[in-house]
Structures are given as C-alpha cells and as structure tokens.
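Residue numbers (the numbering used here): 1 to 407.
I should point out that these hints are in silico values taken from the structure, not numbers from a laboratory.
Bear in mind that the values here come from a model prediction, so they are computed numbers and not experimental data.
In this text, a Cβ means the ideal position worked out from N, Cα and C, and glycines have one as well.
Each hint should be verified, as a subset may be incorrect.
Stated by the list, open to error - What follows is a list of derived Cβ distance ranges for each label pair:
1) Pro175 <-> Met1: 37 to 43 Å
2) Pro215 <-> Glu404: 17 to 23 Å
3) Gly125 <-> Gly22: 55 to 61 Å
4) Phe112 <-> Gly22: 28 to 34 Å
5) Arg83 <-> Arg251: 50 to 56 Å
6) Glu302 <-> Thr254: 24 to 30 Å
7) Gly351 <-> Ala10: 36 to 42 Å
8) Phe112 <-> Gly351: 51 to 57 Å
9) Glu404 <-> Gly77: 40 to 46 Å
10) Ala349 <-> Asp114: 49 to 55 Å
11) Met1 <-> Leu402: 54 to 60 Å
12) Gly272 <-> Ala129: 34 to 40 Å
13) Gly130 <-> Ala396: 46 to 52 Å
14) Ser149 <-> Ala171: 32 to 38 Å
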Amino acid sequence: MDRRATAWAASGAMALSGRSDGPGLGASGALVDLVERAAAMLHRNSGGRVTSAGLALLGERAAIENLTRQGAISCGGSTRLLRAADGWLAVSLAREDDVAALPAWLQVDLPFDDPWPAVTEAVAGRPVAGLDERAALLGLPFAALDSVSVAAPALNAFDLPVAARRVDEDAVARPRPIAGATVLDLSALWAGPLCGQLLAEAGANVIKLESITRPDGARRGPAPFFSLLNGEKRSVALDLVTPDGRRAMDRLLTTADVVIESARPRALEQWGIVASDVLVRRSGPQVWVSITSHGRGLAVRERVGFGDVAAVAGGLVTRDDRGPCFVADAVTDPVTGLVSAAAVVAALATGHRWLLSAAMAPLAASVAGPPLDVAGLEAAPPRARPARRRAPVLGADTVAVLAEVGF
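All chains should be built: construct the whole structure from the sequences, respecting the hints.
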C-alpha cells in the first residue's frame with residue numbers, strides 16, 4: 001500500500017473526508033507530498049524549532065469544534081457542493097451578506113431561514129458560467145469545480161506552489177534567520193494566522209495588527225481555536241480610518257521584517273499601502289506574503305473564496321459513486337498557512353526582498369488528482385495541538401508595541 005495512504009489515514013484528515021454514512025475517503029497523493037515537504041522545510045529552516053507542522057494541521061479546527069465529515073456539505077456546514085446543468089459548483093453562505101445576495105444572484109425570491117433547498121433547485125437548471133459571472137459581480141464565495149488551473153511554473157525556487165517575485169535584483173543579500181525576526185500579521189481567520197503562529201513557533205516576534213472597527217472575525221469563534229492560532233502573538237489594535245491610525249500602521253510596516261496579509265489587494269490599497277512599494281523602501285520588510293483566494297492578478301484579485309470554495313475551484317476534492325465530496329475541513333486554509341510559513345522562512349534565508357503570493361485556488365490545483373486508495377485503513381480522529389497560551393484581548397499590547405517602534 002502507498003505510504004501516503006497510511007499517513008493520510010493516521011492524520012485525522014481522512015476522518016473528515018467523505019460522507020457521513022460512508023467511510024473516510026482518500027485525498028490526492030500530491031496533497032500529502034506537499035504538506036510533508038513544507039513541514040520538513042519549515043523544520044529544517046527553523047533550526048528544528050517547528051516540530052508540530054504536518055498533516056494533522058488539517059484537522060485542528062474540526063477537533064476543537066467537534067466537526068465531522070458531511071460529504072457534499074463542508075465540515076463547518078456553510079459551504080455546499082451543488083450540481084448545475086453542466087457541472088458541479090461550490091457556494092458558501094457563511095456570512096449574512098451572502099444570504100442577502102442570493103435573490104440578486106439567482107433572480108428568484110428565497111426563504112432566508114433555510115435557503116439551501118431553493119438554491120439547490122435553482123442552480124440545477126442553470127449553466128455554471130452564468131452563475132459564476134453573477135456571483136463574481138456580487139462578491140459571493142463561489143467556484144465551479146476544476147475552474148482554476150495551476151499557474152506555470154507550479155513550483156518556484158523554494159519548491160513550493162507560491163508565486164515569488166524578487167524586488168531587489170541588484171541588492172546585496174542579507175540572509176537572516178526567522179528566530180528574532182519581527183513579523184507583522186495583518187491577516188484574519190485561518191490561513192494567515194496559522195502562518196503567523198508557525199513563524200512564532202520558529203522564534204519570530206509576531207505582532208497581530210487588527211482594526212478596532214473590524215477585528216479578526218475569528219474572535220467570534222471558539223476561543224480555543226483562536227488562541228491556538230494567535231496566543232503566541234502580541235495584539236495591536238488601531239483605528240485605521242484616522243490619520244494617526246494609518247501613520248501608526250505605516251510605522252509598524254517599516255519596522256517589520258515580514259508582513260503577512262490575507263485581504264484582497266484593494267483593501268490595503270485604499271489606505272495607500274501597496275506591497276511592492278513598501279518592499280522597496282530602504283527600511284521595511286524583507287518578505288511580504290499575500291494570501292488570497294485566487295491571486296493578485298487584475299482578473300482575479302477581487303474574487304472571494306474561503307478554504308472549501310478555493311479547494312473546489314482547484315479540483316481538490318475526493319469522490320465516491322455519488323459524486324464529489326469535500327476534502328478535510330476547509331483544506332486549503334491550513335495547507336496555505338503551512339506552505340506560506342515555509343516560503344517565508346526560505347525567502348528570509350536568501351537575504352533578498354520577496355513578494356510572495358500564496359493563492360489558495362491555484363495551490364489546490366497544483367495538488368489535485370485522483371484520491372489515494374485507502375480501502376481497509378482505519379481513519380484516526382482529528383486532533384489539535386494545545387494552545388501555548390490564551391490569545392490576548394484586542395489591543396492588549398498596543399501601547400507597548402507602539403512605544404517600542406518609536407511612535
């Protein structure tokens with residue numbers, strides 16, 4: 001039997017893949033290969049500090065929230081795989097705004113208490129292309145199955161499926177380890193915060209920066225999961241609609257070695273922050289990692305997509321005789337977080353300045369493929385690492401951190 005099948009079954013992720021009334025299903029061997037390669041790179045390049053990364057990361061949220069596999073319904077319950085007239089698609093209704101946009105998307109009246117039966121019926125008779133076009137206009141988290149192909153080349157100099165662009169071709173290299181580096185984490189939810197947590201485990205000083213008016217939405221979720229991802233960071237909260245708040249943010253950017261963000265590019269650009277411009281300053285970050293649904297290109301930069309949706313876009317699903325099923329729990333979130341952390345540490349070690357683009361849907365496409373044969377294997381339950389400490393309350397370290405950077 002393929003060694004990767006055994007690793008998948010033991011990870012806890014197989015228990016989250018497949019239908020509730022059937023066995024746990026396999027994922028692609030390429031997915032297992034990528035996770036193991038990224039974990040090994042992170043372990044090696046962190047001087048052995050990071051020991052907890054691996055396939056088990058894929059089941060941590062499910063272990064904490066007691067989530068289970070549900071086939072064509074995501075483990076979290078907010079995303080579904082639906083059959084359209086000419087293919088399969090995924091749509092997420094995780095936010096109230098998504099439910100509110102349904103009548104405009106499908107051009108029919110829908111019940112808001114349980115819209116799924118009506119959505120399923122309305123989608124079944126329509127072509128995917130028309131549904132996709134309107135969903136994009138409305139900002140709905142939507143994806144047609146296999147609609148995103150892997151960007152070429154699939155692997156860059158770091159042997160990871162991220163786009164990496166050097167912005168200092170003529171500069172003298174100044175390699176540095178991740179231990180002791182300052183990381184400014186502007187991200188939210190799962191992938192970006194996991195990247196920051198792994199860098200903290202590697203010895204970085206990680207500062208989590210949030211808007212006072214729009215903090216990380218994960219704060220509203222289970223506290224143990226939020227603490228797992230953010231407990232090792234210091235919390236800074238700023239009023240980013242004010243000039244003082246934006247100046248403070250700019251000061252933090254200039255004193256950081258690494259920046260992590262997971263917003264659509266225009267979210268930062270509306271504050272006058274352009275990643276490539278910040279990177280070429282004489283003082284400022286050496287590595288900027290941008291985590292998005294589909295990438296930073298003009299044609300896709302405004303696409304919305306959470307982990308399960310991005311996985312479907314890239315074709316990262318498993319299957320049985322009834323059709324496609326979700327792989328694990330929002331699989332591209334933890335995988336992208338791990339891959340991003342490995343890429344950051346490798347980029348720092350080169351001594352050059354890098355803009356890294358970790359796009360979840362193309363990443364999923366790079367590891368999509370036929371599921372491993374796991375027949376006869378018992379699926380271990382998902383498990384989570386214990387949080388090292390409780391996450392600080394919003395803004396707990398603002399005064400101290402701003403004083404350190406001279407603001």
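**Report entry** Numbers of unmet hints, in rising order
**Finding:** 3
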